[in-house]
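Engineer: Two chains, two separate frames, one set of hints: put the complex together.
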Amino acid sequence: VTQLAAFEAQPHAEPAPVWTDKLAGAWAFIFIECLTFSAYFVIYMLYRMHDPATFSESQAHLNPNYGVVNTLILLASSWQVARSVHAARTGQLATAWRRALLTVVLGAAFVVSKLSEWHAEITQGYTFETNDFFAFYFFLTGIHVVHVLIGFVFMTVGMYKLRDDDRSAHALEIAAIYWHMVDFLWVVIFALLYLMR
Amino acid sequence: VSQAVEIKLFRVWLLLSGITLLAWWLGSDEHAGRSAAITYSALLIVAVKVRIIVVEFMEARRSSKKLQLAMDAWLLLLLGALAAIYGLKLDMPPV
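Keeping their order, the protein sequence lines are chains A and B. The working numbering numbers the first residue of the first sequence as 1 and each following residue consecutively. The working numbering numbers the first residue of the second sequence as 1 and each following residue consecutively.
Hint data in this document are derived by calculation from the structure and do not stem from the laboratory. Don't be surprised by glycine CBs; every beta carbon is placed ideally from N, CA and C. Be a bit skeptical, because a hint or two may be false.
[Claimed, not checked] What follows is a list of derived Cβ distance ranges for each label pair:
id : chain 1 : residue 1 : chain 2 : residue 2 : range
1  : A       : 160       : B       : 40        : 39 to 47 angstroms
2  : B       : 77        : A       : 108       : 29 to 37 angstroms
3  : A       : 108       : B       : 22        : 26 to 34 angstroms
4  : A       : 152       : B       : 77        : 25 to 33 angstroms
[Said to hold, decoys possible] Pairs of lysine-lysine, BS3-like flavour, derived with a Cα cap of 27 angstroms:
id : chain 1 : residue 1 : chain 2 : residue 2
5  : B       : 89        : B       : 8
6  : A       : 161       : A       : 22
7  : A       : 22        : B       : 66
8  : B       : 66        : B       : 8
9  : A       : 22        : B       : 65
One chain only, chain B, in its complex shape (with noise of 0.2 angstroms):
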C-alpha cells in the first residue's frame, strides 16, 4: 500500500466532508430569505462534489479520457437544466 495514495485519498475525503459542512451552514435557517443565492450555490456545490468523486475516487480522467469528458457534459447537462428550470420558472402542468 503507498502511503502517498493513501494521504491523497484521506484528503479527497476530508475536502469532500468539509464542503458537505459548508453546504449544510449554507441551508441554516440564518440564510432563511435568501432562496435564489442559496439554490444555485447548492447547485455548484453538487457540482464540486461530483466532480471530485467521478476523478479522485473513480478514477474516471485515469481510466479513460473520453469517459471524463462524457461524466462532465452529464453533469454541466443536468445542472445547466435543472437552474434553467429553476431560473426560468419553468412548471409542469398538472398531469
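Chain A on its own, in the form it takes in the complex (with noise of 0.2 angstroms):
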C-alpha cells in the first residue's frame, strides 16, 4: 500500500523492489542457479580446449538461426515480464496477468523451437553420442528446458497470485527475476555453442 502511495506520489518513478526475506532467498537460489550453470561452463570449455579441431568441425553443423531466434524469444519473453511485473505494482492486475500469460506463450515458443532444433540435429544424425561436443550440446541445452519448465511452474503460482484473495504481485516478481535468470543463462549458452570459436 505504501508503494502505491509512493508512485502516485511521483508518477514517473518507479517505485523500487521491495527488499524481503523471500526476495532475498529468491536472489540466494538465483545465485546458486549461477554457480552451477558456471561449472558446467568451464567443464564445457576445458573439454573444447582439449579438442578444438572436433568442436569446432562439429558446431559447424549446428544451425545459428536457431540460436539467434532463440535468444530473441527468450529476450522477448524476459522484457514481457519486466512489463508484468511493472503493471502488478502499480495495482494494475488484469493487465500483470496478460503480460505475464504472453510470457509463458513465448516461452512455450522457446521450447517447441527448441524440440524442432534437436528434431533437425537427431534427423541427421548427431545425438548425444556423436562426440563431446554434441554431448555437451545436448546436456547444456536439455538443461537448460528444463529450467524454462521449472519457470513456467513460477510464473503459474505469480499468476494465480494475482488473482487469489492476497491480490499480490510478489510471487510474480520472484518468478521474474528467475525468468530472468533463465534468459541469461541462454544468453551464455548461445555464445558458447553457437559463436565461439
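Structural biologist: The following block contains the structure:
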C-alpha cells in the first residue's frame, strides 16, 4: 500500500522492489543456479580446449539461426515479464496477468523451437553419443529447457497469486527474476555453443 | 502504468535484441577465419547482455547494492575463467 502511495505521489518514478526475506531467498537460489551453470560452462571450455578441432567441426553442423531466434524469443519474454511486474506494482493486476500470459506463451515458443532444433539434429544423425561437443550441446540445451519448464511453474504461481484473495504481486516478482535468470543463462549458452570459435 | 517505465523497458529490449543481431553477424561465415577475435567478442557481448538483464530487468542494483556487487563479481569471474582457459589453451585430460 505504501508502495502504491509512493507511486501515485510520483507518477514518473518506478517503485523500487521491496527487499523481503522471500526476495532475498529467491536471489540466493538464483546465485546457486549461476554457480552450478558456471561449473558446466568451465568444464565445457576445458573439454573444448582438449579437442578444439572436433568441437569446431561439430559446431559447424549447428544452425546458428535457431540460436539467434531462440535468443530473441527469450529476450522478448523477459521484456514481457518485466512489463508484467511493472503493471502489477502499479495495481493493474489484469494487465499484469495478460503480460504474464504472453511471457509464458513466448516461453512455450522457445521450447517448441528447441524441440524442432533437436529433431533436426537427431534426424541428421547427431546425438548425445556422437562426440563430446554434441554431448555438451544436448546436455546444456536440455538442462536449460528444464529450467524454462521450472519457470512455467513459478509463473503459474505468480499469475495465480495475482488473482487469489491476496491479490499480491510478490510471487510474480520472484517468478520474474527467475525467468530473467533463465534468459541470461541462455545468453551464455548461445555464445559458447554457437558463437565462439 | 507509467509511460516512462514502459518506454525504458521497450528500449532495454530493443538494445538487447540489437546486440544479439550483432553477435549473429559476428558469428556469420564472413568472419570464419578469425577465431580468437570472435571468441573474445562473443564473451564481451555476453558480459554486456547479462549485465543489462541483471540491472534493468532483474533490478538487482535497485534492490540491493551488495546484490549487484555479487552478481558483477560472479559475471567477471565466470567470463574471466572462460577467457583464461581459452587464451591459455588449458585442457582437460580425458577422464
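Engineer: Run every hint past the structure and note whether it holds.
Structural biologist: Taking the hints in turn, this is what the structure says about them:
| no. | hint | verdict |
| --- | --- | --- |
| 1 | 160(A) <-> 40(B): 39 to 47 angstroms | 45 angstroms, holds |
| 2 | 77(B) <-> 108(A): 29 to 37 angstroms | 33 angstroms, holds |
| 3 | 108(A) <-> 22(B): 26 to 34 angstroms | 27 angstroms, holds |
| 4 | 152(A) <-> 77(B): 25 to 33 angstroms | 30 angstroms, holds |
| 5 | 89(B) <-> 8(B) | 41 angstroms, violated |
| 6 | 161(A) <-> 22(A) | 15 angstroms, holds |
| 7 | 22(A) <-> 66(B) | 17 angstroms, holds |
| 8 | 66(B) <-> 8(B) | 24 angstroms, holds |
| 9 | 22(A) <-> 65(B) | 17 angstroms, holds |
Consistency note: the structure conflicts with earlier hint 5 alone.
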